[in-house]
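S.K.: Take a look at the letters that make up each chain.
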Amino acid sequence: MNTGVALAVLAAASIGTYFARSGLILLLADRTLPVMVERALANVGPAVLAALTINLAVGEGGVGSIALAEAAAIGVACAVAVWRKDLISTFVAGMLTLWILSAIT
Amino acid sequence: MNVIRRAASTADRQALVDIVPLAVPAIPFGFVIGLAVTESAMPHWIAWLTAPLVFAGAAQLTMITLAGSASAWAIITAVLVINTRHVMYSAALAPSFRHQPTWMRWFAPFLMVDQVFALAALQQDRSPAEFRRYYLTVAFALFAVWNTVIPLGMLVGPIVPDSWQLGFAPPVMFAGLTMFAIKRIPAGVAALVGGCVSLATVDLRDRLGIVIGALAGVLAGAIAEQLITQRANRDRASTDLVRREGASS
Numbered sequence: 003m004n005t006g007v008a009l010a011v012l013a014a015a016s017i018g019t020y021f022a023r024s025g026l027i028l029l030l031a032d033r034t035l036p037v038m039v040e041r042a043l044a045n046v047g048p049a050v051l052a053a054l055t056i057n058l059a060v061g062e063g064g065v066g067s068i069a070l071a072e073a074a075a076i077g078v079a080c081a082v083a084v085w086r087k088d089l090i091s092t093f094v095a096g097m098l099t100l101w102i103l104s105a106i107t
Numbered sequence: 002m003n004v005i006r007r008a009a010s011t012a013d014r015q016a017l018v019d020i021v022p023l024a025v026p027a028i029p030f031g032f033v034i035g036l037a038v039t040e041s042a043m044p045h046w047i048a049w050l051t052a053p054l055v056f057a058g059a060a061q062l063t064m065i066t067l068a069g070s071a072s073a074w075a076i077i078t079a080v081l082v083i084n085t086r087h088v089m090y091s092a093a094l095a096p097s098f099r100h101q102p103t104w105m106r107w108f109a110p111f112l113m114v115d116q117v118f119a120l121a122a123l124q125q126d127r128s129p130a131e132f133r134r135y136y137l138t139v140a141f142a143l144f145a146v147w148n149t150v151i152p153l154g155m156l157v158g159p160i161v162p163d164s165w166q167l168g169f170a171p172p173v174m175f176a177g178l179t180m181f182a183i184k185r186i187p188a189g190v191a192a193l194v195g196g197c198v199s200l201a202t203v204d205l206r207d208r209l210g211i212v213i214g215a216l217a218g219v220l221a222g223a224i225a226e227q228l229i230t231q232r233a234n235r236d237r238a239s240t241d242l243v244r245r246e247g248a249s250s
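If you read the protein sequences in the order shown, they are chains U and H.
Mapping of the first sequence onto my numbering: residues 3 to 107, in sequence order.
Mapping of the second sequence onto my numbering: residues 2 to 250, in sequence order.
Since the hints were derived computationally from the structure, they do not count as laboratory data.
Here a beta-carbon is modelled for each residue, glycine too, at the ideal position from N, C-alpha and C.
Take every hint as true, because none was put in to throw you off.
Short, incomplete list of chain H residues facing chain U, as computed with Cβ under 8 angstroms:
#1 Val55
#2 Pro172
#3 Phe175
#4 Pro187
#5 Ile211
Next comes chain H alone, as it looks inside the complex (with noise of 0.2 angstroms):
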């Protein structure tokens, strides 16, 4: 009992070690959109809202700044387009999930945000409890720095200047996080082809270039994978062979 609470709270303390420079890139940007929503078209507490509720960057700043200048229906569908990677995020650690209880099957997507999965897609070699404790410590760190900094953006506006530049820190660390997650060579090859497709069609509205890269960098890592599968079983043929013959000779 004693290792699996130890295992735990390794768990919890390696998760706020982690979130750490994840979350503090994610202040500027919370600050910006407090900004946007003392701004907006939108009734102030709705778009406040949108922080616990949809809790993500991106979609909430297109909601928020498009309210008054597209219709409900085009800011609908921009904020589902741009969160269509969470779809992925969900496919990729729906394994994680096989071991976890229903809530936890349940609650634990509403948080999942992309520095959530991230993180979590790099722990899919713990204890389901352990996951599940890294996850949440994540996740509820993040909810609550995000919650915290978007009334606070709202109250005293931008006060990190821009020279800081942290609005270059998300792209920095995603590099990074992008390290740790190629353990074989197909993952290689997926984040090569996923990177240049997503810089081929950069230029595409509503940042589709992540949802196109991704889609195309899974495609060439399932074929290099195909390859590699291919060659190991030709090269376990041939020497099955050679030692079929070696033992008739």
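Next comes chain U alone, as it looks inside the complex (with noise of 0.2 angstroms):
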């Protein structure tokens, strides 16, 4: 890939990123949007988390990828997130059921 193009899809894929990130917060801000739009877009964090959280698990190897270690490490990862509110013992418990699993599987 020669400079140019390599520096026209960097210029584009910037631009194009910051505008997807920045497009509705400049859009939406000057707004009182309706109680009900409000009330959806609350949800917008937990369907992105909860989608993202599933894709990134899984990944590209489909369903069948996954292992047993890992679906048990996010099942601990939500026990405990629920339990103990706080990121750091969510993500200490979840990778230490990784690792003993995954050894012992």
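Hints given; two lone chains; assemble the complex.
M.R.: In structure tokens form, the structure reads like this:
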């Protein structure tokens, strides 16, 4: 790939990514939205995070590729997050589960 | 004034504590990208510039690895599809930016990656000044880590052993953050449906399943919200009726 094309790709990717991130903040921040829309937006976070979790956990190998240790790590992380409400405990518990079960199975 | 300062410094400290477990898993990913830069068909200095300018791991890795084997348009399309989820982040955080100064509205989104969104989405109860301090502290910390580890990865390659399985750390963290974000029943419905649809569409290219799952989740959450509101209105109406009948008798 020559320098000119690579620079054009970099510019398009940078600008496109920036406007994907900023577009609705710039558009919606000055407007008072209907209550129903505001409530719907409050659900975007949990919906995206859950979708992201599953997609990253399963990966490109498909559903069959997820190991028992990985599924258990996600389950334990969810349980500890609900119980402790603390990110570091969640991380430690999830990764310990992964390492221990990976070593056993 | 002192109260405001204290609150702001508490927000800073909390932000730094919160970002550590999310920044640590980004380190091996950054190393992988650093290594990919050294093997890319793209001029290396341009591939390196994706770190400060694009600042989005999956999109960067796509650009760097597709260079040389795909057309420029295919690379740009792939990057934009992968980053579609940022549009939803932007929509979700828009209410938090309502009381922010203009410079913050224009600048902050530049640093809005998955981890920053995940933490910022949980800070909507903070005052505008505290939210700003928290957001910028988290975002700059992650930006600094990212822009340090990628050049290091370019220099020393992957030094983290595969046996550590740190590649699986992000889903573990995101699972916890999902639980933190569920504060009401509709949010729980949104997460459940989002996760299930994402699982059903996981085979789609360019991680499109994330966007489809998220959209399905938001829709399901809105329907749940509507049903709960209708039920509450019905209950209120029947309570009023009972009260009126009691008063008239």
